[in-house]
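Participant: Each chain, written out:
There are 2 protein chains.
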Amino acid sequence: MLDHITQTTLLLDEEKCRQNIAMMADKAARNHIRLRPHFKTHQSVQVGEWFREQGATGITVSSLKMARYFAANGWTDILVAIPVNIREMELVNELAAKVQLHLVAVNIETVQALAEALQRPVNIWLKIDTGYHRTGILPHSHEELDAIVALVEQNDMLQFTGVLAHDGHTYKQTDAEAIRTIHHTTVFLLNLVRDRYKGRFPELKVSIGDTPSCSILQTITGVDEIRPGNYVFYDLTQQHIGSCNFNQIAVCMACPIIAKHPERNEIIVHGGSVHFSKDSLMGANGSLIFGRVVELSENGWSEPLEGIEVVSLSQEHGTIRASKALFDRYKIGDLMGVLPVHSCLTADVMGSYTTLDGKRLEHLSGMGQL
Amino acid sequence: MLDHITQTTLLLDEEKCRQNIAMMADKAARNHIRLRPHFKTHQSVQVGEWFREQGATGITVSSLKMARYFAANGWTDILVAIPVNIREMELVNELAAKVQLHLVAVNIETVQALAEALQRPVNIWLKIDTGYHRTGILPHSHEELDAIVALVEQNDMLQFTGVLAHDGHTYKQTDAEAIRTIHHTTVFLLNLVRDRYKGRFPELKVSIGDTPSCSILQTITGVDEIRPGNYVFYDLTQQHIGSCNFNQIAVCMACPIIAKHPERNEIIVHGGSVHFSKDSLMGANGSLIFGRVVELSENGWSEPLEGIEVVSLSQEHGTIRASKALFDRYKIGDLMGVLPVHSCLTADVMGSYTTLDGKRLEHLSGMGQL
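Protein chains in written order, with UniProt numbering: chain B, 1 to 370; chain X, 1 to 370.
A couple of the hints might just be wrong.
Which stretches of chain B does chain X cover? Using the computed rule of at least three CB atoms under 8 Å from a CB of chain X, they are [unchecked claim]:
1. 93 to 101
2. 329 to 335
Heads up, incomplete: computed chain X residues facing chain B, CB under 7 Å, no partners named [what the hints assert, rightly or not]:
3. S63
4. A72
5. T135
6. V311
Coverage of chain B stretches by chain X, computed from C-beta distances (three or more under 8 Å per stretch; other residues unrestricted) [to be verified]:
7. 132 to 142
8. 258 to 265
Read the hints as simulated data drawn from the structure, not as lab findings. If you're wondering where the values come from, they're calculated on a predicted model, not measured in any experiment. A virtual CB, placed ideally from N, CA and C, is assigned to each residue, including glycine.
In isolation and in its complexed conformation, chain B is listed as follows:
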């Protein structure tokens, strides 16, 4: 299969990917909570089917466009986990006519706009800022919360369904205890908000979403639903956090070697920021790493090799610095395997996947726009 790869290609190990999907489905089942997997990492109808085989019915996406893509492919219960873009009201109504649509609000203006323009009922979730401070309503902003809930309550098209949070700050941690503390804080705060309204809305749900918490915790209580997404592939960032082992990473770039520089043991691959995107990790010596090198074989890839790393990316070139021994092992025209720092962004720029048995799987971003 590798012999047929001529260009920079994103490889997908279906077995590892299916194991990741099964692992989280099992954990949710064991904890008696619902898993509503986030599909923003893979954005692929075919990968979505592997979730369906493991029992997924509801999904999470991060844009209305992504909701439309999965709605067109048989998903009927979709949460759009970003404050709803009220300029896309036409698409909101189109989706609400077709699927059980869950929308997120953090400002009363958004809810007012929905109340005015909705033609079909939707489920409304309030996003609570439990510490990440990207977006959300602060849990003690009772006046704001009460006003939004009152508005939702008055309108037949708006069904107050739950409170949710995204603990993006767990992505900055490398200590499992810190991640547990963030998680427990979030669960506590979301339950405070739910308790404030559960008299009037007894069915109100609590939903959380980050891959680090959902990976590290074995016992998850106090929530009705989890929405992790990145675990479908994992990546070097998640390994660095402690969410996964290297051998759970289910995607790997195959990059043709196009130049070698023996005077500094640097190898140039065709693989730059248009292939990897541009997230990086801090390496042991304080320098940035844009990917780790693995050995490719017909059956997949090894754990990362020591003494060889992607040290910089320009638009189309990737620079790999190696020990002399590893430098000598590669020749021009070889394919080099590179584990990505951030699989969501790498998949988004690559626009498709190639499985180890040579199947091409689609990604929404590679489906064409015109």
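Let chain B serve as the given structure and place chain X on it in line with the hints.
Facilitator: Showing chain X alone in chain B's frame:
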């Protein structure tokens, strides 16, 4: 026009873009050198036509795939300015049968592979490392140079055409004098290499390529050809370097506002790393900037506003921090204009452009792959 924009959109000001194209064409003509514009920034057949109207005949691209795209659209003289990927020999032969194909080599192994597999003649350029140290042959590596030139000379399919460099290190400068010194050093070194072989190859050309040098220098001597690309749009990085003014930046993102946080004067737009990619600039106070905010109107956009900036990007969210006065000026559902830090990467992830009169222009990355 703005009223019809519902999603995150990359706006293109055709007038500014055509002025940038004309400016560089005029400069090349004035200096009696050839302009072979790099098309990796726009990657658009329609924008390419604007270059053709200004006299461009030969172009530069950064992958064989991009060469195929432009070859399919009437370009017949194409330089692929990256060490050639010898795994794509089939595509090399296909292109060589169709267009005047110029390839770049930095290692003898690449030239050997070409010599063995080429079915049609191609033009060979040697890439010289004049100081950027990404890739290229060092100008004093005479043994290596001589061996490659001897191999090229022996083979009828390989026509030794010139020596070229890319001064990527000018992108790290903000001092015009430093950029001039880098440029003059490169021209000196390339001419040394050319002079070594001009007895045997009297037609040998010298080609340089970076947008900072080509923008800042008014008089360019000692080269036959320039290959700048980013100047077609420019961006905040080029403004920071000193290559352009804010009002020459020809692309701007229009991002719907999806949330507001009055307690910290932060605005959330739908516009994250899948829209902007993830390059940043160092701001005045040492913090990172991922974009600058402008006022949008039907005729284009203003210079950047002071006191409001994109301070972080996650996958789909952009966080804008504003002064109180500017924070209050925006409401949920408004479109916010944001100048990109790096227009090449932003265009690549967006996959298309919308002109101010509402035309949709394509980008290779948005053309679909399956």
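Participant: So, for every hint listed, does it hold in this structure?
Facilitator: Quick rundown of the hints versus the structure:
no., hint, result
1, 93 to 101, "violated (count 0)"
2, 329 to 335, "holds (count 4)"
3, S63, "holds, 6 Å"
4, A72, "violated, 15 Å"
5, T135, "holds, 5 Å"
6, V311, "violated, 11 Å"
7, 132 to 142, "holds (count 4)"
8, 258 to 265, "holds (count 6)"
Checked against the numbered hints given earlier, the structure breaks hints 1, 4 and 6 and satisfies all the rest.
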